[in-house]
Amino acid sequence: MYDKLWLIPLLPLFGAIINGLLGKRFLKSEKVIGGIATGVMLLSFLLSSKYFFQLLADEVKVHEQIVASWMSVGNLQVNWEFLFDPLSALMIMVVTGVGTLIHLYSIGYMHGEAGFYRFFSYLNLFCFAMLMLVLGGNALVMFIGWEGVGLCSYLLIGYYMEKKSAGDAAKKAFVVNRVGDFGFLLGLMTLFWTLGSEHGVWTTNFVKIGENAHLLGTGSVVVTVITLCFFLGATGKSAQIPLYTWLPDAMEGPTPVSALIHAATMVTAGVYMIGRMSGLFAMAPTTMMVIAIIGAATALFAATIGFAQNDIKRVLAYSTVSQLGYMFLAMGVGAFTGGIFHLMTHAFFKACLFLGSGSVIHGMHHAYHHAHLHDDPQDMRNMGGLKSKMPITYWTFLLSTIAITGVPLFSAFFSKDEILWWAASSTRGSLWLWGVGAIAAGMTAFYMFRLVAMTFWGKQKTDARAKDHIPESPWVITLPLVILAALAVVGGYVGVPHVLGNIGGLHIPNYLEHFLDPVFGPAQETYRIAIKEAMAHSLLWEFGLMGASVAVGFLGIGVAIWFYIKSPELPGKFTSKFSGLHKAVYNKWYIDELYDFLFVNPIKRCGLFFWKGFDVCIVDGVVNGVGRVTTLVSSGLRYTQTGLTQHYAMWMVIGVVMIVGFYIFG
Amino acid sequence: MSEHLLSIITFLPLLGMAMLLFIPRDNEPLLKGFTLIVTLVTFGISLPLAFNDVFITSGGMQYTEFVKWISIGDFFQMNYNLGIDGISLWLVLLTTFIMPIAVLSTWQAIEKNTKGFMALLLLLETGMIGAFISLDLFLFYIFWELMLIPMYFLIGIWGGKNRIYAAVKFFIYTAVGSLLMLVAIIFIYYYAQQSALDTNGFSITQFYQMNVPADVQIWLFLAFAFSFAIKVPMFPLHTWLPDAHTEAPTAGSVILAAVMLKMGTYGFIRFAMPLFPEALATCMPYLATLCVIGIIYGSLVAMVQSDVKKLVAYSSVAHLGFVMLGVFALNLQGMAGGMIQMVNHGISTGALFLIVGFIYERRHTREISEFGGLAKQMPIFATIFMIVTLSSIGLPGTNGFVGEFLILVGAFESELRWYAVFATTGVILAAVYMLWMFQRMMFGELNNPKNTLLKDLSVREIIVMLPLLLFIFWIGIYPNVFFDKMNPALENLIMQIDGKQQIAVVQKIDAPKHIEFK
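So the protein lines, in turn, are chains G and C. Numbers given in our numbering equal positions in the first sequence, counted from 1, plus 1150. Numbers given in our numbering equal positions in the second sequence, counted from 1, plus 134.
To be clear, the hints were calculated from the coordinates, so they are not data collected in a lab. Given the structure is predicted, the values throughout are model-derived calculations rather than measurements. Hints are supplied without guarantee of correctness; some may be wrong.
Stated by the list, open to error - If you want the ones that stay clear, here's a sample from chain G, every Cβ over 10 Å from chain C, calculated:
| # | residue |
| --- | --- |
| 1 | 1220 |
| 2 | 1296 |
| 3 | 1317 |
| 4 | 1372 |
| 5 | 1454 |
| 6 | 1519 |
| 7 | 1585 |
| 8 | 1619 |
| 9 | 1621 |
| 10 | 1660 |
| 11 | 1668 |
| 12 | 1696 |
| 13 | 1717 |
| 14 | 1730 |
| 15 | 1760 |
| 16 | 1804 |
To be verified - Here are the in silico distance ranges between beta carbons for each label pair:
| # | chain 1 | residue 1 | chain 2 | residue 2 | range |
| --- | --- | --- | --- | --- | --- |
| 17 | G | 1755 | C | 329 | 51 to 57 Å |
| 18 | G | 1160 | C | 593 | 28 to 34 Å |
| 19 | G | 1787 | C | 310 | 19 to 25 Å |
Every residue gets a Cβ at the ideal spot worked out from N, C-alpha and C, and that includes glycine.
Isolated chain G, as found in the complex (with noise of 0.2 Å):
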């Protein structure tokens, strides 16, 4: 039924294989490189959507699929093989339907840049990668996948390589991802080991780890290890605290290549991670509560950082780490459906959001070049009042904007708001929980209606000798922004929460929940992970909190809007009085320098130290003395080779006294 699934992740290799071979020799357009790679995008989608309404219609909902043998050594046993499911068929929707709109919108942002070709090679090959992750049926292939995307990502941040900047932030993505995978590494050989050599199940299989976890024990040492390290894998790809300093200086990126892979797709790869081996982590309570730590200190801190930044792409990156931090929150105090949904919702609004700055950094870039000026085109302090310059751009961008701070009925209102419902009410969950996210909720309407209010309302700041010479984008670039902007408003409908499905005997059931209840509820089940009695069923609870966060939200939005548009010099002011914190803060609380000063430095010189110091000095010191000792021992012995036969003579008979003499007396 749904044989030809392996084609889903094939095609944008294709795609990524022919454009990268023929591309600057031979095929040159730029329509036909940017139509092949988003012709295989667009056949991806159709074919993931296929399968995924073929799925919804299914009895069957989890479908296996060996493709051939990768790896057979002993009890090792490893296949190249699929697995088709609600969760898988959901992400491999996300990545094909924005992954082709990403595509699109490429096209006309790319436009006339050197290594066009270079760039939907690319871009094809993380799709590949971002597919086979979501799709892999065992451990082993969806870590192709895993590192396949961080590969991806180095190369597409560092595409500018002439920079030295986007050289560095290229390796800092994937050297601290590697990090993470290491975790990654760790968690599933103990777990491979541990579940072979104690249970007799040696596998790397997802469905047979999912059938065969309980025999670690819940809240066993072996499970929290595990899934703590495999959570360390997800902190990398995921940019959670401590490994996300990597997400914001990737940045230095295409800007399609923030909203695709650093903020739509591959950074969520943690999030699904988590969710794939939901059975294996909701046996860990311990490592839940840590992952329900992480994640709101982290939805919390970055917003923190959001607050200060100037440059338009900084901002979301950090809002996107943020955004992250609530998935986790949502996975660590068991509600995987609502991360999952919030995972959905935030690929299409941060998306949009994304190619909203693209546009405006594409139309401000146009702006400089035609005034032939070098200011920074990112930056928001020159921006302003760009509303009606860019029509299309800016009701997108604010309508995403809105979604984003979650005002009722638009689609992160409903994924946040379950995120946060659980978050206080679930048997893993606690009010303090709740209230870390409410407040980073609050902070985010805050700095995105910051963002807005800087780069669309009030006067225009940007140079005169520019000012007027911004553009409207080309519809390869609004098209997609209008599409998503439409999905952020109204995607959240497939996961309205029942309490309010039913008002008005309206009876809107929560699709999401259902489809995904085959992945997710037998863990939630065996676990009993659910909300709290006391609160099940009482709406004042639910409507409460709910009340409570929106109304947090439009403090938020409120806050920005008095700062920016009532009272201009107020920011100003504030940052003057606070000047210390908002260095800080601007400075982003100096973590990389922290960073530096503990690892990157002391492994520097600890290189050196060994080199010099050890290798050459100690090691090579032994062995080119033993050579200098035997030198100085033979020009010694040399004053015994004369030349001169009755010296030879000589020797000749002393030798002869000295055996004879050892022979009679000896």
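Given the structure of chain G, go ahead and fit chain C onto it with the hints provided.
Only chain C this time, still in chain G's reference frame:
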């Protein structure tokens, strides 16, 4: 023909060398072309080995040849005894596969005394293949020493500025190890005579049956291990490697990395470990510690190198640390991982040395700081370099991942669990030093005027790289072809080592401790 296949593969290069002597020394194209043909034919003849399914069904020695060779009285007997199993199979094929590539890489690099260079390459090939397939310990020793001499001259005559120092260091390091091994070999021989075994010369299959008391084993094992550890090289006996690699001509570095280092790991697998299993068990914690130190130490030192060739050389120390860790895990995953990683290292590091060679031929410098922004100037070069770098880092989908993962899984399943945890940090460090090097050379602005005239790879250079790229992906995506033929032999070996270790625990062995010479 097939009953003498191994002899033919071994001595064809030597025959080629003899014929080479009749070609006029100034006819360079003919010299190079002829050598290339000889190595290609050798590869072609060895290729059927890869398709012989006997290795899937049996882990024993195949294609064995036995001729009585030197006998002195009735107590000293050396035999010409060859054989190949799933372990040596891939190393022999790696050798015959790498040689034509190495020869092709010399096309423009070697200008002085081409005849001598080519003759030495062929002599080297005979030595390497012979060492991999000798079943007689004495014959092995002869081939082992035979390799040393051509390499010494290759470095000493065609090397870089500091070539004499590097060549002498290489020679002395290796010779010291070899001599200890020779003493141990002779000792075992007499010991075997003493224990009244039905000895058949220096046949290792017979030595395997011997039960040497633990306190004697230790010394013999140490002598062998010392010699092999130098060759691998294991920390802290690695310092000859950076010098030898850096100073050697490209072809020399490629062969050194791809094949000669494997001689050390192979020596452990074939000789040191199965002959002295108890001593191995005793030394295991120390050896594994050295492996882990090698991985981390090699990576850290590689990170701070300013000479790209030295960086690659130090990365070898780290990679070989992984190989040895897998081998010491003494289970199928670990050993198969170690084996495949030997092949991987041959391919990836061989490719890296070729790449360094390409750039050295163009710019006559290897200082990383001299480069920057090359990706723009040489896109094909950049792409190939990137793929090889990723393979060296062990990106899933490339060969490096399969090897590293199996090694780590193997070590994790054995008693070396905690060593594996530390070794896994090598995965992070590899990304650091390789990508940093790549960034400094390939990314950034093309701001050195000398680099603006660089030409991208020629067709010949691309042809040199293509087979290596093919195997990078092949082993990464479908390594079972290799495992199927390697596993039976490894299972045999593990059973043998395990069995002897078990016996040693259960019963005290009654064997003569003091040896009197006849």
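Notebook entry, point to check: Does the structure break any of the earlier hints, and which numbers would those be?
Noted result: Those not satisfied are hints 1, 2, 3, 15.
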